[in-house]
Amino acid sequence: VSLPEAPLKKTVLVQAVEGSRAFRRRIMEMGLVPGTHVRIVAAAPLGDPLTIELRSSRMSLRRAEAAKVLVRG
Amino acid sequence: MSPEPAPASRSRKLIAIAGNPNTGKTTLFNVLTGSRARVGNYPGVTVDRRIGEAIIEGIGEVSVLDIPGTYSLVAHTAEEQIAIDAMLGLDGEPRPDAVVICVDASQAVRGAYLALQAMEFGLPVLVAMTMMDEAGKAAPDAVRMAERLGADVVPVVASQGRGIDQLRLALRKRLQATEQRTTWRWQPSDWLQGRLTAVLPALPAAWPNNQAMALWALMSVEDGDELRGIPAELRQATKLAPDEQKQVDSEAIAARYAWLDREIGPLILHAPDRRRSEKVDKVLIHPAFGFFIFVVLMLGLFEALFVGAEPMMRGIEDVLGACGSWLKHVLPDGIFAHFVADGLFGGFSAVLVFLPQILLLFTFLGLLEDSGYLARVAYIMDRPMRAMNMHGRAFIPMLSGFACAVPAIMATRTMERRRDRLLAMMVIPLVTCSARLPVYTLIVVSLFPAGRVFGFLPTRGLLMVSMYVFGMLSALFAALVLSRLLPPLRRHGLPFVVELPPYRRPRLRDVLLMVWDRTRRFLLDAGPLIVACSVVLWALLDFPRTARHPSQDWDAAIAQAAPTDRPQLEAAKESERLQQSFAGKLGQFIEPTIAPLGFDWKIGIGLIGSFAAREVFVATMGVVYGLGPDKGEESVSLRDKLRAEKRPDGKPLYTPLVGLSLLLFFALACQCSGTLAAVRRETGTLRWPAFLFVYTTTLAWLMSFGVYQVGRALGG
Numbered sequence: 001v002s003l004p005e006a007p008l009k010k011t012v013l014v015q016a017v018e019g020s021r022a023f024r025r026r027i028m029e030m031g032l033v034p035g036t037h038v039r040i041v042a043a044a045p046l047g048d049p050l051t052i053e054l055r056s057s058r059m060s061l062r063r064a065e066a067a068k069v070l071v072r073g
Numbered sequence: 001m002s003p004e005p006a007p008a009s010r011s012r013k014l015i016a017i018a019g020n021p022n023t024g025k026t027t028l029f030n031v032l033t034g035s036r037a038r039v040g041n042y043p044g045v046t047v048d049r050r051i052g053e054a055i056i057e058g059i060g061e062v063s064v065l066d067i068p069g070t071y072s073l074v075a076h077t078a079e080e081q082i083a084i085d086a087m088l089g090l091d092g093e094p095r096p097d098a099v100v101i102c103v104d105a106s107q108a109v110r111g112a113y114l115a116l117q118a119m120e121f122g123l124p125v126l127v128a129m130t131m132m133d134e135a136g137k138a139a140p141d142a143v144r145m146a147e148r149l150g151a152d153v154v155p156v157v158a159s160q161g162r163g164i165d166q167l168r169l170a171l172r173k174r175l176q177a178t179e180q181r182t183t184w185r186w187q188p189s190d191w192l193q194g195r196l197t198a199v200l201p202a203l204p205a206a207w208p209n210n211q212a213m214a215l216w217a218l219m220s221v222e223d224g225d226e227l228r229g230i231p232a233e234l235r236q237a238t239k240l241a242p243d244e245q246k247q248v249d250s251e252a253i254a255a256r257y258a259w260l261d262r263e264i265g266p267l268i269l270h271a272p273d274r275r276r277s278e279k280v281d282k283v284l285i286h287p288a289f290g291f292f293i294f295v296v297l298m299l300g301l302f303e304a305l306f307v308g309a310e311p312m313m314r315g316i317e318d319v320l321g322a323c324g325s326w327l328k329h330v331l332p333d334g335i336f337a338h339f340v341a342d343g344l345f346g347g348f349s350a351v352l353v354f355l356p357q358i359l360l361l362f363t364f365l366g367l368l369e370d371s372g373y374l375a376r377v378a379y380i381m382d383r384p385m386r387a388m389n390m391h392g393r394a395f396i397p398m399l400s401g402f403a404c405a406v407p408a409i410m411a412t413r414t415m416e417r418r419r420d421r422l423l424a425m426m427v428i429p430l431v432t433c434s435a436r437l438p439v440y441t442l443i444v445v446s447l448f449p450a451g452r453v454f455g456f457l458p459t460r461g462l463l464m465v466s467m468y469v470f471g472m473l474s475a476l477f478a479a480l481v482l483s484r485l486l487p488p489l490r491r492h493g494l495p496f497v498v499e500l501p502p503y504r505r506p507r508l509r510d511v512l513l514m515v516w517d518r519t520r521r522f523l524l525d526a527g528p529l530i531v532a533c534s535v536v537l538w539a540l541l542d543f544p545r546t547a548r549h550p551s552q553d554w555d556a557a558i559a560q561a562a563p564t565d566r567p568q569l570e571a572a573k574e575s576e577r578l579q580q581s582f583a584g585k586l587g588q589f590i591e592p593t594i595a596p597l598g599f600d601w602k603i604g605i606g607l608i609g610s611f612a613a614r615e616v617f618v619a620t621m622g623v624v625y626g627l628g629p630d631k632g633e634e635s636v637s638l639r640d641k642l643r644a645e646k647r648p649d650g651k652p653l654y655t656p657l658v659g660l661s662l663l664l665f666f667a668l669a670c671q672c673s674g675t676l677a678a679v680r681r682e683t684g685t686l687r688w689p690a691f692l693f694v695y696t697t698t699l700a701w702l703m704s705f706g707v708y709q710v711g712r713a714l715g716g
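Top to bottom, those sequences are chains G and H. Note that the working numbering gives residue 30 to position 30 of the first sequence, counting from 1, and the numbers run on in steps of one. Note that the working numbering gives residue 512 to position 512 of the second sequence, counting from 1, and the numbers run on in steps of one.
Everything labelled a hint here was simulated from the structure, so no lab data went into it. Virtual Cβ for every residue (Gly too), placed ideally from N, Cα, C. Warning: the hint list may mix true and false statements.
Each pair of labels, with its calculated beta carbon distance range [to be verified]:
id, chain 1, residue 1, chain 2, residue 2, range
1, G, A16, H, I230, 28 to 38 Å
2, G, A16, H, P266, 24 to 34 Å
3, G, R72, H, G58, 47 to 57 Å
4, G, R72, H, K239, 32 to 42 Å
5, G, A16, H, L457, 49 to 59 Å
6, H, N210, G, A16, 25 to 35 Å
7, H, L524, G, A16, 48 to 58 Å
8, H, L702, G, R72, 17 to 27 Å
9, H, L523, G, R72, 51 to 61 Å
So that you can see chain H by itself, here it is in the shape it has in the complex (with noise of 0.2 Å):
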C-alpha cells in the first residue's frame, strides 16, 4: 500500500499526463511507457498512483506519471487534490519537469482549459492533441493552436502509435528548455487582484508563491473541503462571502473561456462529426429500446459472473486441494504438513477462488468503460439510485453483489468520490451472494415443509425469493440510513454532472492491462489477510488433533469394527474431536450470546466457520453432527440429522422459527473475511471495515432477536 518512493536522484527526468476524462490518456501512457508500470497508492487516498518508464533520445531514460483524469486544478475533494500536487509537486509529490496536456481534437477548446490553467502556475506544458482520427475535420490547425496557445501542440493518434515520435522530440524539447515563466492571458479585475494580493502571504512556504496559486487557494479552501494540509492561516486568508466566492469563479472561469473562444475557438473549422455515435445513442438511451438493451446486457453480466465463474472456481479449488493432498502425501507425517496441506492451501484456495469473478467483472467493466457505455448506464440508473442516496454509478457494483461482495467491492472504484464509494462498500454486503445459497438451501429444504401458499406458490421457493428480495431491499434501506446518520457517507451538495462520451471502440490491450492491475493488487493487498484469516480458522477448528476427553476409545473401537461400519465411526471420532476442538471451545464461550436467537453452541461452531466463507457452514455442520466434511446442501442424511436434533429438554432445536433467525443472521451479518480484507485494501483503513462488521452484526442479531423471541411469544 505504500507510495512509491519519489526518485531519490532527480538526474532521472519525470513527465506527468494530465488531462480530462476520456481523452485516451491512458492509451497515450501505455504507449510511451510499453505498458509496463508499477501501479502505487496516493497516500491518504485510494486512487491509482501509476508510473513507468519511457525512453526520450538526448535525454535517456524518464519516469512518466500518469494524474487522474480531470478538467481543473481547483479540488473540493482530496481526490481533486492529487491532480494539483502531482502537477506541481506538493504533499511529497515530485515536481514534474514537463506535462503532456492531453487534448481530445474534437474538444480543444475545453481540453485546452486546463492547459491554461496549468500555465498560469509556469509549468513546463506540452499539448497532446489526441484522438486525431476520431476528429477528422474538426481538429484546429496544430501549428496555429501552438503560436496562439504559447506551447508545443502535438497531434497523436495514441492506438495507432501515430504522432508518438513527434511527441518524444517535443518532451526533448521541452525537457532540455530551462526557461520557466508564467502566462495569463487574462487581466484579473482589481477586486480580484485585491483578494489575490492579500492571499499571497498566508500560502505555505512548500507551494509556489505566485498568483495562481492564491487564486487556486480562493477557488478551493472553503468551509467543508476535503483538502488536506490547507493550514488555518490560509483559511483565515481566503475566507470570501458566498457571493465573493462566486464572483471570483465567475471571473476567472469565464475569462479563460472567453480568451479560449476568441483564439482557439476559430481554429475549429467544423464540428465534429458525431452522427454515427449518436444514431448509437438514440437506440441505447431510448427510452423503451435503451432500456431494454440496458437490462439484457446486464443480465448478461449477472449470468456471467453467476453462472460463468462456476467451473472456473470449482477448477481452482480442486487443482488446490489435489496439490494439498499431494503434498500430504509427499510430506513426512506430522503437524508440518497438515499445516501446508490443509491450512496454507486452504487459504490460497480462499483467495484464488475470487480470481474467476475478478477477471470476468473488470474485463467487461473495462469494455463498457472504455466503451463509453458505463456513463450511460450511471446516467439510465441515477433515478432509482439517487431515491437512495447513491451514485448511478453504484448500480453495476451492486448488481455484482448477487454474485460475490469480493469483485463487486473492488468495482467501486469505476466512481470518483470517495463518499459514493464508501456508501456502496458499506452496502454491497447486504446483497444475497452466491456463497449464501448453499446455506439458504440447506435451511429452507431441511426446516420448511414442502407446501404450497395460496395453492400455487411453493413454500420453499417462495422463501428462497423472498430472502434474495430482503437482502436487496436491506442493503438500499441501509444506504439510505447510513447516508443520512453517517457524516463521511452523507449526501454533500457534489452534483452529478456526468460527460457522456462518444461512443469508441474499446482497445484491449488497455482493457487486459487494467484487469491484470487490479487482479495483481487484489492478489497482493487483499491476499495475505484472507490467507491469514484462513489459516486462523483452520487452527480453530483443527487444533487439538485429538479430543481431550474422547467417550470412548476411537481407535481401538475402528479398528475392531466391520469394515462398513469404519467411516461412522471415523466421522464420529472427527465429530467429538472437533466439538472440543478451539473453535468448539469458542462456540461454547458465545453460545450465551446466540442462545437468545435460538442458536446453540453447535450453530455456533459454524458461524465460526463460514467465517472463511459462507458455504463452509454446511461443511461444518456435516462434521459437527458426524456426517464428515462433504456433504453438500443437497444431502438427505444432513437434512435429517437437523430435523432429528433435539435440545437439552427433549424439544427439537431446529424449528422453523430457528431456521427463519439463522437465515436472517446470515442474511445481514458480513461474516466474511474476503469481504473485509476487500473493504480494508479499498479504503485503506481498518476502520471501515470494522465498522462493516460491527453494524451488520449488530444489525443481524437484533432482527435475529427479535423475530425468535417475538415468535416464541406467538407459540412458534
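Isolated chain G, as found in the complex (with noise of 0.2 Å):
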C-alpha cells in the first residue's frame, strides 16, 4: 500500500520510493530509502501534509508525494 494509507501511528516497513526524480532522490537522500521502518504522527491542522517520523526524526510531506512511498505493513 501506499504511505497515506497506512494506519496512524503504526510502524511500516518502506519497500519502495516512486515519484519525479528530485522528490525521490530527496527524501531518498534524507534516509527513506526501501528497508526503512516509518510511520505517520499527525495531519497537519488542515489535513494536509503529514508528518512522518524516520529514523527518530520527524519530516512534513505532502499527501500526494507520500502517496509515492510504498510500505508494507
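Build the complex: two chains, separate frames, hints provided.
In C-alpha cells:
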C-alpha cells in the first residue's frame, strides 16, 4: 500500500520510492530508503501535509508525495 | 554585492563548515570565529556567503567558510550547487584545506551520509558531532565512529563552548596531514561502473577527474536543471533514460545507507529522547489548539510590526527632521544647505524609517527559526499557500507585507528555493501595507458619504475593509497567474519535504548576529538606491526654487499682508511654485496617460511624490492645494479642498468614482522606491524590480481605467 493509506501511528516498512526524480532523490537522501521503518505521526490542522517519523527524526510530507512511497505493514 | 575575493596568497588555510540544516552549524561557526564574519553573496545566487577568521594553534590564523545547510552534495538548482562548489573549490571558490561536517549527535546516520559523500571525493573531512547535550545516550561513541568512518569525530556542544578546544586540535592535525585519498564504502555495479567510466572524459578540465565527480554529474545533470557551468559535452555524456536515472540514484543512495546502517547504526544504543519535543508538538500542531496558538502568535507578530514599530519610526523621522532643521540653521543659506537639510536628510530618513520593522521582524523570525517553530508554520500553512502555488514558508513574509513590503521582501530569504522567493517578492507588494492607510483614509473620508449600507454597516468602514480584502485577493490571484505564465516562477516538480526539527531554546546571540547582518546589508545594499530616489524626487518637487511665471509678486504681497494672512499667502505661493516645478511639468506631461483614469495633472504630481513613500501623497496634495506640507489625512481643510476642486468645465473633480479609481490605482501599483530597492537587493538584478514595477503599474492602470470608464458610462 502507499504510505498515506497506512494506519496512523503504525510503524511500516518502506518497500519502494516512486515519483519524480527530484522528490525521490531528496527523500531517499534524507534516509527514506527501502527497508527503513517509518510511521505517520499526525496530519496538519488542515489535513495536509502529514508528519512522518523516520530514523527518529520528523519531517513533513504532502499526501500527494507520500502516496509515492510504497510500504508494507 | 560583489563576492568576497578569494585569498590571494593561499598561505592562509581555509576551513569549510558544512552539514545538514538544524545541526548547529551557524553556532559552531560563530563560536570558532568569535562572531566576526564578513558576509557576501555567492555569485549569481542570493545566498549568504559568510566567512570569518579563527586561530588554530600551530597553524596561525585561518579562514572559516560557512556553507549553507544541505542533506547532500547532489544539486538540482543553482542554490544547491553552492555546496559542491564551495567544498571542492569550483567555479572561482577557493579550495578548502579541511572540511568540517557537522553531524547532529541524535541523527548520526543521516548526518554521516554527507560525510560519506565528501570522502568519496577525497576531501579532508573532519566530523564535529554537535548537540551532544541534547542527544544524551543517543549519541554514538565518537572513537568507534571515527574508526569505522575513517575520519576524526569530535563531540561538541557549540552553544556551551564544549569540545571546541578538541576541535581546534583535530583541525590542526587535519591541516598538517598531507595524505589525501578517496574512500568509497560501496562498490558500484558493473553497469554503474560502465556509466561512470563513460562520463569521466566529459568532465570539465577544472573539475577533479574522479569517479565521485562522475557520479555527481550523473545524479545532478538532467534536462531542466538550473546548474551553472555544465558544458554541452557533459550534458550529452550524462543523458540517461528515466528508469536508468532512477537506477543510478537508487543504487548509490541505498548502498551508502546500507553501509551506514551496518557500520554506524549499531553504535547508536538508544533512541534519542524526544518526549519533550513531542509533547510540545502534540499541542502546537494539534488540529484545534495548534491552530489557535498559531493564530495568536501571528497576530502578535502583526501587532508588533504594525503598532509596535510606529513610535520608533516616528522617533527616527523626528530626530532626522530636527537634524535637518539644525543644519539648515547652521549652514550658510543657499542651495547647498537646502540640499543637505531637505534632500539628503530626507533620503536618510527614508532609509532609516524601515529599521524598526526590519529589526522587529527579523528578531521574531530568528527566534521562530531557531526554536523550530518556523518549520511548523510552513507545515500548518502549506495547504492554503499551495492552492496559490506558493510555499508554506511564504506565509510570514506575506503577513508582514500588511505592515511594510520592505522587511517582508527581505524575509523571503527564509525560503531555500529561488523560485519560491521570487514568486513571493512579486506578489507581496500587492498586499495593503500600512503606508497606504493614510492615502485610503484621505480618499475614503473625503469622497464617500458617512452613511450605512443595509442600515447597519458603515459605508466608509466597509470600503476600508474591502480595500484590505482586495489587496490580499489580488496578491493571491497574481501568484496563481504568475506561477502559470512566467517560466522562472513556474512550479517545478520540486518536492515539499521539510524537516520538523526538535524544539530548541534559541541562542539569542546567534539571532542578534543574524539581525545585525540583515540590517547592515539592507543599509549598505538597498540604502543608497533609496537615498538616490529620494533625492531625485526631492529635486523634482523642489526645483526651480521660485515659480517661473508668478501670478503676482508674492513677496511684496506677503510683506504687505496682515500677519494673520501671511501663512495663507505663503502656502499659496508654495502651491504655485510646486505647480510650476519639474514635478508639475512631469504631472502635466503624464496627464494624457492618467486622464482616462479620471486623474488630472495635480493628482499626477501626488503620484510622482508618492514614489518616495505612498503616504507622501497626502502631504504633496496638501502643498498642491495651497494648504502647506503638514496636512495629514485627518485634515478637514484638505478634505474640503478636495471636495471643492473643479474640472475646467465646472464639474467637481473628485467624485466618488474618481476616488474609487484612485484607491484601486494605489492598491495595485508598486509605486514605492523602497520596495523596488529591496527587490533589487534580494534578486541581485534590475530585471525583477523592473518587471514588478511594469506589471503592477499596468495592472493598476487597466483596473482604474476599466472602473472609471464603466462607471462614467453608467452615469457615475
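Hints versus structure:
Taking 28 to 38 Å as the suggested C-beta distance range, the pair G/A16 and H/I230 conforms, at roughly 30 Å. Checking the proposed 24 to 34 Å range against G/A16 and H/P266 shows it holds: the Cβ atoms sit about 26 Å from each other. The supplied range of 47 to 57 Å is met by G/R72 and H/G58, whose beta-carbon atoms lie about 55 Å from each other. A beta carbon spacing of about 35 Å between G/R72 and H/K239 agrees with the range 32 to 42 Å that was offered as a hint.
Between G/A16 and H/L457, the C-beta spacing of about 58 Å keeps the proposed range 49 to 59 Å intact. The supplied range of 25 to 35 Å is met by H/N210 and G/A16, whose beta-carbon atoms lie about 31 Å from each other. A C-beta distance of roughly 51 Å is found between H/L524 and G/A16, which places it inside the suggested range of 48 to 58 Å. Remark: the range hint 17 to 27 Å for H/L702 to G/R72 is contradicted by a beta-carbon distance near 56 Å.
Distance hint for H/L523 and G/R72: a CB-CB separation of about 57 Å, consistent with the stated range 51 to 61 Å.
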